[in-house]
Amino acid sequence: MSAASGMAIQKQSPKLTLADRIDIIKNKRFFPLAFPLAMLAVLVVLFAVLTGGQFLQGSVVKNIFNQSFIVGTMATAVAFIYSTGNIDFSVGNVMGLACVFGALAYEVTESMPVMIAVTLVGGIALMMCNCTLCIACHIKPAMVAIVAMSIYSALCTVLVGADPIRVDYQASKALEGGFRYGTFILYFLVCLILYHRTAIGRKLRFIGGNETCAVQTGINTTKAQIIAFVFAGVGVGLAGVYQTIRTTSVAQTVGSGMGMDVMLATVLGGMSIFGGTKSNVYAGLIGAITVTVLNTGLLMLGVSSTMIQGVRGVIFLLLVFLNSERQKTLPSRQQF
Amino acid sequence: MKMNKRFGLKVASVGLSALILAGCSSAPSTSGSSGSGGESSDGDGYKIGVIEVQLNDESTNRATWFNDYIAPKYNCEFMFSETCSDLDSCMTFIENAAMAGCDAIINYYAVGSDTEALVQLCAEYGMVYTENGGRNAANEAVFTSNYENFAGNFQADQPATGKLFYDYLEESLDTSVEHGFIVLTGNAYQGNAQQTEISSNMLSALQDLYGLTYESTIADLVASSAPIEATNDKGIEIYCYPGAYSTSGWLEGFSAALQTGKYDYSLQAYNCLSNTATAIEEVESALNKDITVIGFGSFGEALTTAMNSTDMFGNQSVSMSTVKFTSLVSAMAFSKVYNCLTGNRDACLDENGEPSVLLFQMEAVTSPEQLAEMSSWDTTDKWVADYDFVDSLLADRTEGLTSAQAQENIYAMNYDAIKARLG
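Those protein sequence lines, which keep their order, are chains S and U. Read in this note's numbering, the first sequence has 58 at position 58, and its numbers run on one by one without any break. Read in this note's numbering, the second sequence has 372 at position 372, and its numbers run on one by one without any break.
Warning: the hint list may mix true and false statements.
To be verified - Dumping the calculated EDC-like pairs for lysine to aspartate or glutamate here, alpha-carbon to alpha-carbon at most 20 Å: (1) K73(U) with D396(U); (2) K262(U) with D174(U); (3) K173(S) with E124(U); (4) K62(S) with E124(U); (5) K73(U) with D386(U); (6) K173(S) with D88(U); (7) K47(U) with D396(U); (8) K223(S) with E211(S); (9) K324(U) with D167(U); (10) K62(S) with D88(U); (11) K324(U) with E363(U); (12) K73(U) with D388(U).
Quick caveat, the hints were computed from the structure, so don't treat them as lab data. None of these values were measured; they are calculated from a predicted model.
From just these sequences and the hints, can you work out the full model?
Given below as C-alpha cells:
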C-alpha cells in the first residue's frame, strides 16, 4: 500500500512557481555576468530613448568610457583581493600616493615614460607594503587599510605641499588615446585570463569561498595573498597613470574617497565584496560604467543635481537588491 | 520571503519611477528657462553649468538667484553640479555639462594652479570658463596664454577682507589685559589666498597692537601645515592651528588646545563658527573662562544662531564676522561668461588685454541687529544685485563697458549704497 502511494507521488510532474524559476535562473553560471550587463543595457536604452538618441552619440560614449576608466581599472585590480574574502579600501590612497611619486619623478626628469614607470612601481610597492603588514603581522587587510589610508594621505600632503604638481598637458593628452586604451585592454585581458582560465584565479576564489577548506586541500594562502596584492598593485598603479594624464596635475587630495567608489562599482557589477566562488574580474568595470551612465544620462535629461543623488541612490539600491541573494542562514562569504 | 522580495521589488520600482519623473519634471523649475517667471526675456539663449563646492544656504540662495531671477530675464538656463571637491570631479562635471549642451562654466571651486587644465578642457568643448579665484604665480600662465574661452576670474578683495579683521582687533582689543590667542589658519598652508590674508592680518594686528616681534616670519607661521606656537619677545601666547574641521582629529586638537586655558581669543580665518561652537562652550564652562570668537562667516543659519546666542558670561557667542552678498558675487560671475558669450570678451580684459579678475568687498558684521538687516537684503524679493546692477556689468547693455568700469560699479555696491536702496 505504502509502496503504491510512493509510486503515485513520483509520477506527479514537479510544479515550479515563478519564484522557483527565478531562483533556477539566478543559479545559472552566466547570471552574475548577464544580469549587470542587462541592467546596464536597460539604462543605456532608457537614456537613449529619453534623450532622443543623443545619448548614443560618439562623444557621449567616449565620455562615459573616459570617466569610467580609473575606477574601472582599480575595481578590476581589487577583484583579486576581494576574491579572497578580504577588503582593502585603501586603494584610493595607494593610487594617490603612487601618482605623487610619479609626478615627483616627472618634475625631476620631465619624462613621461619615467612618470609612468614610477607610478606603476609605486602602486605595486605600496600594495606590497599592505600585503607585508597583513602577512607578517597577521592583520586583516581591512585593518591594514584603515592605517594605510591615514599614512598615505599624510604622505601625500607632505610631499605635494600647497600647490599641485603639474605634468605637461600636451604630453598627457597624447597618452589619452592609444596608450590608455591599449594598456587598459591589455591589462584587462591578462586579468580575465589569469582569473578565469588559470589555477591562480581558481585558488583565490576557493580561498574566498572557504579558507579553511582551501588550506586543508594544500593551497598556500600566503602565496595566494601575495599574488592577489601584486596584481592589484599593477592595476592601481595603472589607474594612477590614467589619473595623472587625465588631470595633468597631482594634488594632495588625489585618490581620497576613491576606495569607496571602487567598492560601489564592484557591488553594482554583481560581485560580492566578500569574495567566494561567484567572484569575477569584470564586475568592477561594468559597475563603474553603470555609475557613469547614470550620472551622464540623468544630467542630460536635465535632472537637477540634488535629485540626481536621490535617483542614483534608489537605482543603486534596486540593482543591488535584484542582484543579491537574501540570507536564509547566518551570513557567510558566499552571500551578500 | 519570496513574496517579500517581489513586494519590495514593486515598491522600489514605483519609487524609482516616481523619482525619475519627479527629477525630470523638476528640471524646468530648478533650471531656469526662457519665458518662465513672468519676466520678459531678451538676449540669446545660453546654458551655463555651475560647479558648486558645497551645498549650503549660500549655494541655495545662489541657485534661486540664477534660476528664478536671472534665467528668465537673460534667457539663460543653469545647470548645477553636485558637490565638487577636487579637480577630477570638476572635470567630470564639465564633460557632462558639455554633453548636456552647456555653453559656459562658472566654477565656484577654486582650483588654483589647475585653472589652465579646466580652461583647456572647456576649450575642447567650446565652452567659456570663469572661476572663483584670483591671479597668482601658480595660474599666471592661463592669464597670459590668450585662451579665447577664458573670461578671467572673480573673487573677494582678499587684502580688504584681511583688513576688516585687523581693524576690528585694533578697535576692540584691550592690550592692557593679558590675553592668549588661538589662530585657526585653515587651509592657508595649502595656499588658500583668503585664509592666508585673514591669518596674516590677524597676526599683524597682534604684532602692531602689542609691539611684539615674532621669532618666525608671519608668512612662515601662516604657511605651517602643523600647529605652531607664534613665539614672540613679549611672551604673548599665540598659537597657529591649521587644518579643517573635516580632517580627522582636528576638532579634538582644537579643543585640547583651548583646554590648556592659555587662550581666550579664537581667531578663525575660515568658516568654522558652528563647528567650533560646542568645543568653545564646553571649555568656557569647564574653565569658567570667557572666550571671544572672531571669525570668517557667511549668511545663514550658523551665523545667525551664533550672533543671536550668548555665552555663559552674557556675551555674544561670535563678536565679529564677515559676510558677502551672494547675488553680488554671482552677478560678477554671470557677467564674465555672458559678456564672452555675447561676443563682448573685451569687457572681460584688463588694460593689458589679459583676462581681468573682478573683486568684491566683504562686509564686517558685529551685532545681531546688523546681521538681521543685511540678511534681509539679499533675498528673493529684493536682491542686492538687481537687473540694473547686472546690466551695468554687461557690455551689450552698457555701452563701451570696460573691465575697469565694471570693477568700479562693483565697488560702488557697498554697504551704504545697498542700505540706501534696500534699507
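Below or equal to 20 Å on CA atoms is what counts here, so check K73(U) against D386(U).
-> holds (11 Å)
Starting from K62(S), check that the Cα of E124(U) is at most 20 Å away, please.
-> holds (14 Å)
Can the restraint linking K173(S) and E124(U) be considered satisfied, given a maximum Cα separation of 20 Å?
-> holds (12 Å)
Is it true that the CA of K62(S) sits at most 20 Å from the CA of D88(U)?
-> It holds: about 17 Å lies between the C-alpha atoms, which stays within 20 Å.
Taking only the CA atoms, is the gap from K223(S) to E211(S) under or equal to 20 Å?
-> Holds, at about 13 Å.
When you check the alpha-carbon spacing of K324(U) and D167(U), does it fall within 20 Å?
-> holds (18 Å)
For the pair supplied as a hint, K262(U) and D174(U), is the alpha-carbon distance within the 20 Å limit?
-> holds (17 Å)
Keeping to a limit of 20 Å between CA atoms, is the pair of K324(U) and E363(U) held or broken?
-> holds (6 Å)
Please work out if K47(U) and D396(U) have their alpha carbons no farther apart than 20 Å.
-> Status holds; Cα separation ~18 Å.
Given the hint that K173(S) pairs with D88(U), does the C-alpha gap stay at or below 20 Å?
-> holds (15 Å)
Would you mind confirming whether the straight-line C-alpha gap from K73(U) to D396(U) stays at or under 20 Å?
-> holds (14 Å)
Is it true that the CA of K73(U) sits at most 20 Å from the CA of D388(U)?
-> holds (12 Å)
Checked against the numbered hints above, the structure breaks none of them.
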